[in-house]
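Colleague: Chains as they are written, first to last, in our numbering: chain P, 1 to 354; chain S, 1 to 213.
What the hints contain is simulated information worked out from the structure, not anything from laboratory work.
Careful: at least some of the hints might be erroneous.
[To be verified] Cβ-Cβ distance ranges computed for the label pairs, FRET-style:
#	chain 1	residue 1	chain 2	residue 2	range
1	P	P325	S	G124	32 to 38 Å
2	P	A265	S	Q9	31 to 37 Å
3	P	K215	S	Q3	33 to 39 Å
4	S	N184	P	A265	17 to 23 Å
5	S	Q33	P	A269	45 to 51 Å
6	P	P307	S	G191	41 to 47 Å
7	P	L57	S	T211	53 to 59 Å
8	S	E207	P	P343	52 to 58 Å
The C-beta atom is built at its ideal place from N, Cα and C for all residues, glycine as well.
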Amino acid sequence: MKNDMTSMERVLAALSHQEPDRVPLMLLFSLYGARERQISVKDYFSDAELVIKTQLLLQEKYRSDCLYSFAYAALETEAWGGEVVFVDDGPPNSGEPLLDRLDDIPGLTLPELADSPGLLRILDITQGLKQAVGDSIPIIGVVMSPFSLPVMQLGFEPYLELLYFRPELFARLMALNSAFCVNWANAQLAAGATAICYFNPLASPTIIEKATYLKTGYPLDCQTLAKIKGPTATHLASGITLPVLDEIIASKTAMIGFSQGDDVALLKARAGNRIALLGNLNGIEMINWTTAKAREKVTSLIRQAAPGGGFLLSDSHGEIPYQVPPQVLSTITETVAEWGQYPLNGIGGDQDAS
Amino acid sequence: MEQQAQQIQAFLVGLLSMDRIGSEQVLREVAAQRQSFSDVEQVITETLGLIGEGWEVGDYSLSQVYMSGVICEEIVGRMLPEFRMVRKNSPKIGIGVLIDHHALGKRIVKAVVQAEGFEIFDFGYGLSVDEMVEKTMAYRIDVLLVSTLMLPSALKIKEIRQQFEARGITTRLIVGGAPFRFDNSLWQQVGADADGKNATAVIEIIERLVTAP
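Let the sequences and hints guide you as you build the complete structure.
Modeller: Below is the structure:
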């Protein structure tokens, strides 16, 4: 396979809606590193040096076009004083909510990044990755959007009560969360992150109906994204994107992480040259894919989304699950190498690589 | 029929706009006209079915599904005693969240199951496999509803099935939650009897399972 571009050049070309040498492959490894090292998820994420080495190892092994400094979503609530529950073979989960009662929101104060060992460790990882690769491979940092973070801070049910029935407390929490999000994103960019993935599953009509999102979370997302001093990708973490595509484009984000539930061809047509697409392999199904199924899924996705650039191949949720067999990942890599070369001769028509 | 369609439409609008008072008013009108809770139940079931189907195709949001369930639960809780309505021969149903601490799905399903007049025992969330099995035995549960959010938790359901088999427990196992929505065959892999795609589907499955030999 002939690859003329660095990963950074390849990704930047795709983001500019040009066809690079091949389709960029963005395998988002976080806890998968613990599987690679055969140690517990908790031990893995507590060792910044090991995470750096493993990120570099996995990137090289699977020819991914990015490094990913993300550990787990609950890390942010940890910084707010929340509980994190570790499991052996999956992402750490938020435990008991941070607040017992919504009326406790006015007493919340903005956490200092410097007081959170977990966040500082991510900054160390980001710096280490930057030292190792310079500008040759994009380093993707992650923040939770202010609008989606309360699911972990409060629990889903109290958050819906806050969102629908307690507008003043909602505004108070959103102001704090937005300030935290901007601080955290900009700290990662200062440490060497190339771009920030802005996880916002609640922006999807899968979770919150569009009319409510546009009244509540959307203005806040626009304000927050505008204060982040670097490129961003908005990721709806498996939620459908098409109904809110125009609004997300207007929020001035460079890329959107789309869902396995989206109509890829329609999304591609609607997105045009206005935003790049990141997605949308089904990570849950992936754990049982055969080689033939993996090839079929990857070629089908390339056929629909890759023509003309503006597409980066990834999973739909923002993380490769721990249970995905290495053989499936190797097949994805090999299929992108074989069928993702631009110009996409042989895959744009009726031929099927499967 | 036309009147019932109008009542379902009015109830649908009330639930989607989270209008508790208006929604209850619709159901009370149904009850007053027909003097029967079964007609109220039918309006609830059909409306929640429409909302569940709407979520499947992206017309409605999870928050609307949730709030609709909660509103129905509240209204039914107020109206049931007035009608002294108890479902005869209700199977004993248990519900719990395995490992995870996110109980939204459980709350939705529990609300709808209760609204249908079934007896349901809530085992809580963050439960281990052993706790789930022990509670199933202690309460002599006929149908166990297991909700999960994370993939590793979903895969652990296999251990519940193994313990059921080892102990000769015949309780039927219905699973639900995000991992099962992303992979349509996962429920079979973990040894469940059925995949509860949404709350109204769960009702149909319960009725089917408890009448099956």
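Colleague: Confirm or reject each hint.
Modeller: Hint by hint, here is what the structure shows:
In this structure, P325 of chain P and G124 of chain S meet the distance hint of 32 to 38 Å, their C-beta atoms being roughly 34 Å apart. Remark: the range hint 31 to 37 Å for A265 of chain P to Q9 of chain S is upheld by a beta-carbon distance near 34 Å. Separation of K215 of chain P from Q3 of chain S is about 34 Å and conforms to the stated range, judged on CB atoms against 33 to 39 Å. One distance hint, 17 to 23 Å for the beta-carbon pair N184 of chain S and A265 of chain P, holds here, with the actual separation near 22 Å.
Separated by about 50 Å at the C-beta atoms, Q33 of chain S and A269 of chain P satisfy the suggested range of 45 to 51 Å. At about 43 Å, the beta-carbon gap between P307 of chain P and G191 of chain S stays in the expected band of 41 to 47 Å. Checked against the hint of 53 to 59 Å, the pair L57 of chain P and T211 of chain S passes, with Cβ atoms roughly 55 Å apart. Between E207 of chain S and P343 of chain P the beta carbon distance is about 56 Å. The supplied range of 52 to 58 Å therefore holds.
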